[in-house]
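Novice: Protein chains in written order, with our numbering: chain A, 14 to 128; chain B, 115 to 224.
Any given hint might turn out to be false.
Unchecked claim - Label pairs and their in silico Cβ distance ranges: (1) A:T51 <-> B:Q221: 20 to 30 Å; (2) B:N141 <-> A:Q67: 23 to 33 Å; (3) A:R35 <-> B:Y185: 18 to 28 Å; (4) B:R191 <-> A:P83: 39 to 49 Å; (5) A:T128 <-> B:I132: 38 to 48 Å; (6) A:S75 <-> B:S134: 32 to 42 Å; (7) B:R191 <-> A:R77: 42 to 52 Å; (8) A:Q54 <-> B:S183: 20 to 30 Å.
Claimed, not checked - Here's a subset of chain B near chain A, in silico, CB distances under 8 Å, partners left out: (9) A143; (10) Y146; (11) M148; (12) K156; (13) Y163; (14) D210; (15) G217.
Stated by the list, open to error - Just a few of them, taken from the derived set where beta-carbon distance is under 8 Å, the chain B residues facing chain A: (16) G157; (17) P158; (18) L202; (19) K211; (20) L212; (21) G215.
Bear in mind the hints are in silico, worked out from the structure with no lab data behind them. For every residue, glycine included, the Cβ atom is placed at its ideal position computed from N, Cα and C.
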Amino acid sequence: DTGVSQDPRHKITKRGQNVTFRCDPISEHNRLYWYRQTLGQGPEFLTYFQNEAQLEKSRLLSDRFSAERPKGSFSTLEIQRTEQGDSAMYLCASAREPGTSYEQYFGPGTRLTVT
Amino acid sequence: QKEVEQDPGPLSVPEGAIVSLNCTYSNSAFQYFMWYRQYSRKGPELLMYTYSSGNKEDGRFTAQVDKSSKYISLFIRDSQPSDSATYLCAMSYNTDKLIFGTGTRLQVFP
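Input sequences plus hints: build the corresponding full structure.
Specialist: The structure is reproduced here in structure tokens:
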């Protein structure tokens, strides 16, 4: 399977703990996006990378959120000092730029539950 | 007001019906229009994309964009129970982030 993969699929954590999620994009895609989806809503953009460069991070929800893509391949999203309001599905998508980066392909998501 | 509005449904139709799903938007700068299908607890799956105005057909699916009315549609012909899912419209100004609607939940009953 050459689609976008995410790990873990589910994460349950206690309030105040740090969590890290991983995304592996489609191999020839140089763009990688992170979105958050809460129940009954569409995905909400957080940040994106072109290769190693983080091109927009203004939508990261607070300074507790950070993302990296150190070698231009996989990416990690970290949430520090989790809060119950962080409970959501975190989705990763990848695309190819130039030309077709509006065609974003999503992974299965990581479902985070903060207790 | 949200940039993209979509009726959350649920929309319930019998098998074989033609389904019409719609979104409206407020920003005329949107140029790329996408439809995604999302099954419960799964990631969104890209169904169709359209640049600017016009129609696009792929099998049982037809996407329409009317930029003058700021209105997009997805039609599903000969709907099947396997089409039961949430359908998300998404739009983009350029080739960066997507702005999604809330999604319409569709149920196709046998």
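Novice: State for each hint whether it applies.
Specialist: We went through each hint and held it up to the structure:
1. A:T51 <-> B:Q221: 20 to 30 Å: 22 Å, holds
2. B:N141 <-> A:Q67: 23 to 33 Å: Since N141 of chain B and Q67 of chain A have Cβ atoms about 25 Å apart, the given range 23 to 33 Å holds.
3. A:R35 <-> B:Y185: 18 to 28 Å: Violated, at about 39 Å.
4. B:R191 <-> A:P83: 39 to 49 Å: 46 Å, holds
5. A:T128 <-> B:I132: 38 to 48 Å: 45 Å, holds
6. A:S75 <-> B:S134: 32 to 42 Å: 39 Å, holds
7. B:R191 <-> A:R77: 42 to 52 Å: 46 Å, holds
8. A:Q54 <-> B:S183: 20 to 30 Å: Since Q54 of chain A and S183 of chain B have Cβ atoms about 25 Å apart, the given range 20 to 30 Å holds.
9. A143: 14 Å, violated
10. Y146: Status holds, d = 4 Å.
11. M148: This interface hint holds because 7 Å falls under the 8 Å limit.
12. K156: 6 Å, holds
13. Y163: Since the shortest Cβ distance to chain A is 6 Å, the answer is holds.
14. D210: Hint holds; D210 of chain B Cβ to chain A Cβ min 7 Å, cut 8 Å.
15. G217: With a closest approach of 5 Å, the G217 of chain B hint holds.
16. G157: Cβ of G157 of chain B sits 4 Å from chain A, so the hint holds.
17. P158: 5 Å, holds
18. L202: The hint holds - L202 of chain B has a Cβ within 8 Å of chain A, the shortest such distance being about 5 Å.
19. K211: Given a least distance of 4 Å, the restraint on K211 of chain B holds.
20. L212: 6 Å, holds
21. G215: 5 Å, holds
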